[in-house]
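Number of protein chains: 2
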Amino acid sequence: MPDSVSTTAGLASWSEAPALIKDELGRVRAVIAEQMVTPFGPVNLLLQDVSAGSGKMLRPALVLLCGHCCGNLNKRHITLSAMAELIHTASLLHDDVLDQATTRRNTATVNILHGNEAAVLLGDYLLSRVFALGMEFDDPRIGRIFSATAMALCQGELLQNTQRQNWQLDESVYMDIIRGKTAELFGACCSLGALAAGADETVESSLRQFGIQLGLAFQITDDLLDIAGREDKVGKTLGTDLDKRKPTLPVIYALHSATGAQRTELLRVLSGANERPALVRLLQDCQGLSYARSKAYSLCQEAVHCLDGLPDTPARSALIRLTQGIVSRSS
Amino acid sequence: MPDSVSTTAGLASWSEAPALIKDELGRVRAVIAEQMVTPFGPVNLLLQDVSAGSGKMLRPALVLLCGHCCGNLNKRHITLSAMAELIHTASLLHDDVLDQATTRRNTATVNILHGNEAAVLLGDYLLSRVFALGMEFDDPRIGRIFSATAMALCQGELLQNTQRQNWQLDESVYMDIIRGKTAELFGACCSLGALAAGADETVESSLRQFGIQLGLAFQITDDLLDIAGREDKVGKTLGTDLDKRKPTLPVIYALHSATGAQRTELLRVLSGANERPALVRLLQDCQGLSYARSKAYSLCQEAVHCLDGLPDTPARSALIRLTQGIVSRSS
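Taken in sequence, the protein lines are chains L and R. Each position in the first sequence, counted from 1, maps to that position plus 30 in my numbering. Each position in the second sequence, counted from 1, maps to that position plus 30 in my numbering.
Don't read these hints as lab results, they were simulated from the structure. Do not take every clue at face value.
Copies of the same chain are indistinguishable here, so a pair counts whether it falls within one copy or spans any two.
The calculated lysine to any residue pairs, modelled on SDA-like cross-linking and capped at a C-alpha distance of 20 Å, are [to be verified]: (1) K274 with R351; (2) K52 with N136; (3) K274 with H144; (4) K52 with A178; (5) K274 with P72; (6) K52 with R194; (7) K274 with Q317.
Produce the complete structure using the sequences and hints provided.
Dropping the structure here:
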């Protein structure tokens with residue numbers, strides 16, 4: 031594997047994966063758009079600038095492809111996909127306020143366009159709207175999965191928040207953080223897709239495990255890109271973890287494996303500003319980047335392994351290609 | 031009625047109201063405390079500084095007293111009360127970030143103690159936890175009421191956010207704002223109290239109307255205090271509406287009723303900083319304060335009228351005293 035993060039590969043196989051679910055993704059976008067309407071005109075103008083449904087739609091794709099793996103897609107899959115994307119959008123709105131990010135999906139963030147107040151409130155609104163949608167299902171498991179996932183997401187973010195500038199952070203706590211903030215929602219998407227297709231508990235549980243491993247790999251790669259990616263390729267403000275002094279896997283590993291002199295130099299660079307290029311060189315010297323990349327790679331292998339029991343369908347193949355694309359993505 | 035907001039009366043009859051529900055309020059506080067625990071020690075330390083359950087517990091009191099009016103209190107009333115207080119606490123956490131407030135309930139706000147990030151995330155966490163609690167009920171109406179109320183709350187806050195510095199704001203839009211941001215939750219509390227006691231639809235609907243009128247009166251009084259209250263009595267940062275250029279009822283009425291010269295002077299003072307004493311004098315001249323106070327008073331009368339059909343019980347009397355206390359409160 032190369033020692034710097036690819037900035038040209040894109041989400042390699044991602045463009046193929048949605049072929050199978052292209053129509054459904056269109057319907058998911060329509061359901062998302064329906065949620066962006068309130069009885070108040072000025073509020074609707076704000077909601078127009080929330081770019082829900084304009085991203086990669088990775089979480090809806092997981093709901094839909096996992097549904098496909100277990101049977102036929104139905105209307106519930108569309109609503110569940112929209113809910114998953116909206117909960118993700120809500121967390122992005124708040125993340126961008128917290129990170130003081132200026133760019134997301136290559137456009138100005140809502141906090142920049144309309145201020146932090148609007149961004150926080152719009153996030154709260156979308157979160158509430160997701161729960162309202164959840165209450166339209168007869169099946170109480172839907173609401174339970176979403177509320178548990180939202181709680182896990184907040185716990186992960188809060189745990190990360192308490193560990194800023196803790197350069198002693200243990201890899202296991204980092205894994206707790208990314209499981210909460212990212213992987214639980216991936217797992218929930220896969221679980222919900224299976225559930226809405228009437229899958230049995232064993233299949234649902236395997237797909238949830240698939241989603242969790244995939245989510246962990248995805249977040250490790252995201253954290254790698256924050257250090258070593260290119261903004262014009264990734265499409266969002268980078269270096270925010272460093273600015274906020276959040277220890278991520280490349281840094282955690284490097285600090286554990288570094289010699290005394292390297293460690294001193296790493297800590298000096300980490301406490302400075304705008305030191306991304308210097309940090310990348312140091313992390314290369316201490317194998318921080320390659321360690322994180324191989325960790326993501328092996329998590330993807332574990333994810334694919336979770337699909338072993340499923341019949342060999344185009345949807346299963348699409349999930350495998352999607353997983354392979356995660357580690358080589360640049361956006 | 032006096033033309034300045036009382037700063038000594040307190041929430042006049044409030045201290046008597048809880049006698050009937052003292053034990054239950056203690057149990058509500060215990061349920062709230064149970065929610066402040068996650069699997070992560072550092073997160074629990076943050077949650078310890080969220081002062082949920084330390085305030086007036088007005089929303090739990092509404093759930094409990096309305097429940098009492100309709101029959102016997104049960105375990106569901108305790109959980110519903112805790113949920114109502116937690117949703118309120120979540121919105122306070124976010125409000126304090128948005129208002130850059132430093133003091134709440136006479137202590138430092140979470141955003142001051144732990145930063146905006148932690149305050150936003152803790153609010154998200156509490157909101158998610160409320161929905162998780164809602165999913166433990168067999169009755170899907172519970173989750174529906176809470177998600178609809180949370181959406182209304184966000185819509186009201188968002189609408190207010192879009193109307194900052196709009197000194198032409200119509201009173202009816204102001205009423206939409208405060209209905210969403212405050213009164214719907216009051217109405218939901220009353221409705222939930224009735225519902226959990228097995229009340230019929232007519233009674234539930236009357237109590238919901240009672241809560242909504244009460245909530246409108248409460249918010250008008252809150253907005254009055256923000257202009258004309260004393261921080262040491264109210265126990266939180268005041269003048270934040272003015273700092274954020276939010277038009278509230280005294281200002282809206284005064285601008286509509288003012289002479290040309292008064293209007294010019296009002297707009298000058300509203301665009302300045304630290305002009306609270308000057309504004310109070312001008313609002314007195316234009317009857318802005320007395321208009322808002324009499325509006326709150328008549329809403330309280332309407333609220334009490336909604337209780338007409340209920341049997342004359344100690345709980346009903348407590349609700350009436352509580353309503354009377356709302357307009358003369360200073361905290």
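A quick look at each hint next to the structure:
Taking identical chains as interchangeable, the C-alpha atoms of K274 and R351 are never at most 20 Å apart, the minima being 34 Å within one chain and 50 Å between chains. Taking the shortest Cα distances, K52 and N136 never come within 20 Å of each other, neither inside one copy (23 Å) nor across copies (55 Å). In this homomeric assembly, K274 and H144 come within 20 Å of each other (Cα to Cα) only across copies, at 14 Å, whereas the closest approach inside a single copy is 23 Å. Proximity of K52 to A178 under the C-alpha cut-off of 20 Å is found in neither arrangement, the shortest distances being 29 Å within a copy and 32 Å between copies.
In the homo-oligomer, the alpha carbons of K274 and P72 lie at most 20 Å apart only across protomers (18 Å), although the nearest pairing inside one protomer, at 33 Å, exceeds that limit. In this assembly of identical chains, K52 and R194 lie within 20 Å of each other by CA distance neither inside one copy nor across copies; the values are 40 Å within and 42 Å between. Within a single copy, K274 and Q317 get their C-alpha atoms no closer than 23 Å, and across copies no closer than 49 Å, so neither meets the 20 Å cut-off.
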